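2 protein chains.
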Amino acid sequence: MTSIQHEIRRGAYYDSVVLMQLQRALLELQGVEDAGVVMATAANMELLEDSGLLVSGLEPRPEDLLIVVKATSELMANEALAQVDAILKHRRSSATDAYRPRSLESAIKALPEAAWVLISIPGRYAAAVARQALDHGKHVFLYSDNVTLEDEVELKTTARERGLLLMGPDCGTAIIDGVGFGFANHVRRGAIGLVGASGTGLQAISSTIHQLGQGISHALGTGGRDLKGEVGAITAHQGLDLLAQDADTQVIVIVSKPPDAEVAASLLAAARGTGKPTVIDFIGYAPPVGRFDNLIFTTSLHETARAAVERVAAGLDERARRRHGGQRRPGYLRGLFAGGTLAMEAVRGLQAFVGPIHTNLTVPGAIRLDDPLVSTGHTVLDLGEDVFTVGRLHPMIDNDLRIRRMRQEANDEHVSLLLLDVVLGEGAHPDPASELGPAIEDVRQHSGVEVGVLLVGTEEDPQDIDHQREILEAAGAHVTGDTISLVAFAAETLEPGGETQWPTVSSTALSAPVAGINVGLETFYDSLISQGAAAVHVDWRPPAGGDDRLMDILSKMKTSRPDTE
Amino acid sequence: MTSIQHEIRRGAYYDSVVLMQLQRALLELQGVEDAGVVMATAANMELLEDSGLLVSGLEPRPEDLLIVVKATSELMANEALAQVDAILKHRRSSATDAYRPRSLESAIKALPEAAWVLISIPGRYAAAVARQALDHGKHVFLYSDNVTLEDEVELKTTARERGLLLMGPDCGTAIIDGVGFGFANHVRRGAIGLVGASGTGLQAISSTIHQLGQGISHALGTGGRDLKGEVGAITAHQGLDLLAQDADTQVIVIVSKPPDAEVAASLLAAARGTGKPTVIDFIGYAPPVGRFDNLIFTTSLHETARAAVERVAAGLDERARRRHGGQRRPGYLRGLFAGGTLAMEAVRGLQAFVGPIHTNLTVPGAIRLDDPLVSTGHTVLDLGEDVFTVGRLHPMIDNDLRIRRMRQEANDEHVSLLLLDVVLGEGAHPDPASELGPAIEDVRQHSGVEVGVLLVGTEEDPQDIDHQREILEAAGAHVTGDTISLVAFAAETLEPGGETQWPTVSSTALSAPVAGINVGLETFYDSLISQGAAAVHVDWRPPAGGDDRLMDILSKMKTSRPDTE
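Top to bottom, those sequences are chains A and B.
For our numbering, count along the first sequence from 1 and bump the result up by 115.
For our numbering, count along the second sequence from 1 and bump the result up by 115.
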């Protein structure tokens with residue numbers, strides 16, 4: 116009769132490859148119908164239950180190893196469990212005979228030229244090893260997931276201060292000078308450099324670039340959370356900087372889930388600053404523009420690869436030039452729009468290229484104004500919203516509200532730029548420039564603000580569009596015909612936020628020959644060797660044998676020492 | 116000495132043009148420095164305060180008219196206020212001498228051929244007039260804002276049942292057979308038909324189309340909330356249907372703020388069903404695809420206009436054909452992905468073209484799964500998420516979890532399609548198809564599900580991509596090389612949700628000559644006349660003289676009558 120038997124190994128540590136191999140070996144034993152070898156987390160227990168492998172009454176701790184065998188009889192099941200130690204021992208004796216230091220220190224002595232440490236041990240141990248690697252001046256490829264956001268911020272802040280790269284945590288892929296770390300496809304060397312918070316995104320793009328006949332200079336993963344506000348894209352900024360300076364990289368690709376608004380604006384500013392054509396796929400994020408200076412926005416991985424290859428083909432001559440505009444001004448912008456959709460498109464562009472925008476519209480990433488009557492920071496208002504139009508004509512007909520608000524905004528000493536839309540056509544004010552023009556002239560002269568106007572209409576509209584444009588320009592406004600030109604004007608007019616300068620990332624990051632120390636999954640070591648890179652695998656064991664209490668004490672002893680390095 | 120004096124007119128109704136004109140007339144009086152004439156809402160009171168026009172101690176009701184005058188002396192201010200009635204009277208006597216019926220009924224008798232009623236009276240009165248117009252079998256252009264969502268749903272449901280269009284509320288623009296309603300630019304007649312929940316969006320696109328040398332067949336506004344879940348895009352669906360059948364319309368444009376996911380999927384399905392090239396700008400919404408059958412996605416108003424003009428130029432030959440695939444199947448899909456980014460791109464595509472997706476990823480519009488171990492409806496899982504990888508290898512290395520889950524999903528009788536990704540390269544499983552292939556064959560044979568696989572890699576990868584593809588295809592899987600092809604396969608495989616058939620919109624909506632009855636802003640009447648359309652302006656007054664209590668009683672008497680029309 117079918118029987119399910121189990122064994123719990125309290126606090127035992129084995130790497131995941133060993134667990135997979137143990138499960139497979141058990142399945143091959145006589146009479147065994149199914150087997151599960153898992154760390155006893157709640158999710159894994161539920162998965163065992165779904166597979167009909169749960170023994171009731173079990174209460175293991177999440178850090179315990181649970182081995183379950185389902186066999187044709189109780190005897191068979193118990194016989195299989197009795198083999199576990201032999202299987203684990205056999206597995207170990209079959210390991211290669213390469214030198215396997217037991218500590219990171221010994222590994223570094225054995226391969227001092229290694230610029231990289233690859234870490235793929237379980238998350239709860241990973242941050243400590245990464246910290247150690249940084250202390251030794253090594254760049255880190257941190258594959259491990261289940262690392263806390265706090266640890267990530269601390270590790271990346273440390274890395275940045277020391278001019279080191281910390282890719283990850285949960286970084287699936289990288290290609291450094293032709294050598295793949297973690298998961299990486301075999302792709303041609305070429306002129307396109309990638310940086311991304313998206314492992315399979317980088318893989319799909321690099322594979323497609325290869326299929327289209329181009330190749331990769333370097334591909335730098337950052338870990339999936341790098342572009343979150345808390346992390347501030349530390350690694351993406353470093354990666355972008357490396358690729359900007361790398362002579363082999365002609366075109367840059369950035370791929371990530373949609374970043375936080377502030378992070379997006381600073382990263383896009385940095386991307387513009389590289390001066391290299393840069394293709395951006397913030398998956399599901401669509402700025403109101405296909406191209407902006409040297410930036411090209413795409414909405415799918417496939418299209419991203421294609422656009423990057425096309426940019427390489429276009430060659431040097433077609434490269435976008437960095438703009439060197441006139442004098443830039445500190446201060447905030449205030450957008451006073453009559454058209455809701457125009458305001459929305461402006462918000463989406465401005466938050467990408469200027470910074471976070473406060474608004475009475477609902478736009479992902481923008482900050483909702485508590486009170487639309489009070490502006491703060493960069494603010495864009497839709498003055499046609501219901502709250503403004505009770506018993507009052509729409510601002511496309513009646514300019515009174517807008518002119519009052521213009522004066523109010525211009526009186527705010529922190530404001531240096533006003534943006535307006537003027538929409539012509541049937542139903543609209545018969546001559547808006549005749550009222551807005553003098554107001555523009557007035558605020559420019561008395562408050563020194565610049566004014567940008569988006570003018571919408573045709574030469575057949577009753578207001579005479581050329582005449583309207585002339586009046587607005589004579590009043591000193593910069594007049595554009597589409598939203599993105601207005602956004603570009605704003606980006607060129609306002610001073611970018613002060614960027615802190617960090618140490619340049621050590622050139623060892625991308626320089627050949629690639630050498631690495633591997634802590635964790637042996638397959639990643641095998642992969643480095645098979646790609647011709649120098650590598651040492653550390654026969655890593657958790658500190659204190661994986662005992663939580665002891666580990667906690669050890670870690671407290673460490674963090675309480677004075678930070679004297 | 117400067118003095119501020121005021122007058123409150125309790126519950127008085129004047130249309131907004133009159134209020135604007137009164138304010139301007141007051142400003143021209145001797146000694147007057149500033150003046151405000153507003154309905155006394157909280158927002159308007161705050162605006163008065165900002166202009167230094169607030170008299171303290173005032174407590175008007177929001178429905179009261181507040182007239183404030185700031186003058187060089189108390190005498191001057193009071194003299195100005197004393198002129199108010201004379202100004203209002205003068206204004207009236209200067210009106211044109213065209214026939215001005217006092218009721219909608221009389222107007223309809225005077226212009227029975229009018230297919231349209233344009234309504235721009237204050238929001239709290241507007242729904243009742245719209246209802247009246249629908250009762251008379253008229254299409255409605257409802258410019259008024261401040262109409263409740265409940266009223267909108269009720270009005271549109273009624274309109275749909277009767278084959279009538281109700282554009283709005285808060286519908287800023289429309290062009291019907293060359294005649295602009297509300298705000299509309301003078302644009303060339305042409306081959307592009309627009310439908311949109313975005314007034315200035317429609318204006319900007321139609322103006323740009325004109326500037327690029329093409330023109331507009333019809334432009335149909337829907338009101339800004341039409342694509343919300345509560346409304347279900349009733350008007351957009353009707354508009355799309357009209358444009359699909361309109362012989363003059365060769366290319367369709369849809370513009371809207373990002374719709375709710377379910378609404379987007381149904382509207383995109385309808386757009387595919389038109390068979391006409393359709394350019395879609397769901398502002399800020401970017402499906403993982405530039406084109407999908409006859410649909411072209413854009414991310415800015417300017418690009419939308421350009422794409423539409425290009426599609427007309429491409430002509431009939433290049434029109435996308437409607438697909439007529441093989442047999443479709445009812446049921447749900449389950450996507451089991453190893454790559455997080457690939458899963459995310461798939462979710463974004465599937466929710467656009469298949470329907471709402473449950474997922475353990477954070478994707479705008481998608482439904483977050485409570486428990487990633489339990490699928491429901493259409494579900495897409497990232498099996499590489501932290502919860503799945505504690506003490507277990509990543510699914511790109513270890514197929515065990517995925518194969519178990521495939522079996523579990525296939526056993527769900529509501530499931531008819533499984534989607535997988537297979538990512539090759541360094542670090543990944545050395546031969547994934549050897550394990551996934553048999554599992555695919557098994558679930559196809561035993562559960563009758565279809566299987567689609569996204570295969571990522573290059574021919575230089577260690578796994579031999581051609582061999583992997585062969586095994587997967589031999590097992591019966593449909594293998595694609597990019598996400599959007601996988602999404603297309605899913606959309607072609609699954610049966611679309613049952614669409615209810617509604618009465619066709621009466622052809623009077625778009626047929627010439629355009630004739631309309633105007634209730635509200637006189638400028639809209641003037642505009643119809645100046646464009647050569649037949650029109651009658653109703654000299655509308657609020658029921659019960661705008662008295663809320665009386666209006667309430669009247670409205671209750673109306674709604675309690677049996678619905679016998």
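Honestly, the hints are just simulated from the structure, not real lab data.
Computed from a predicted model, the values in this text were never measured in an experiment.
Using N, Cα and C, we set each Cβ at its ideal position, and we do this for glycine too.
Do not rely on the hints blindly, as some may be mistaken.
Stated by the list, open to error - From the derived model, a few chain A residues whose C-beta atoms are all more than 12 Å from chain B:
id	residue
1	Glu-122
2	Arg-139
3	Val-199
4	Arg-303
5	Lys-391
6	Ala-401
7	Gly-405
8	Gly-430
9	Leu-508
10	Asp-515
11	Glu-574
12	Leu-643
Said to hold, decoys possible - From the derived model, a few chain A residues whose C-beta atoms are all more than 10 Å from chain B:
id	residue
13	Ser-131
14	Ile-398
15	Pro-553
16	Thr-638
Stated by the list, open to error - Heads up, simulated EDC-like pairs for lysine to aspartate or glutamate below, C-alpha to C-alpha not over 20 Å straight-line:
id	chain 1	residue 1	chain 2	residue 2
17	A	Lys-343	B	Asp-641
18	B	Lys-343	A	Asp-501
19	B	Lys-343	A	Asp-408
20	A	Lys-224	A	Glu-556
21	A	Lys-343	B	Glu-500
22	A	Lys-391	A	Asp-408
(Q) When the structure is checked against the list of hints, which entries are broken? Sort them ascending. (A) Going through the list in order, the structure violates hints 2, 4, 6, 7, 9, 10, 11, 12, 13, 14, 16, 17, 19, 20 and respects the others.
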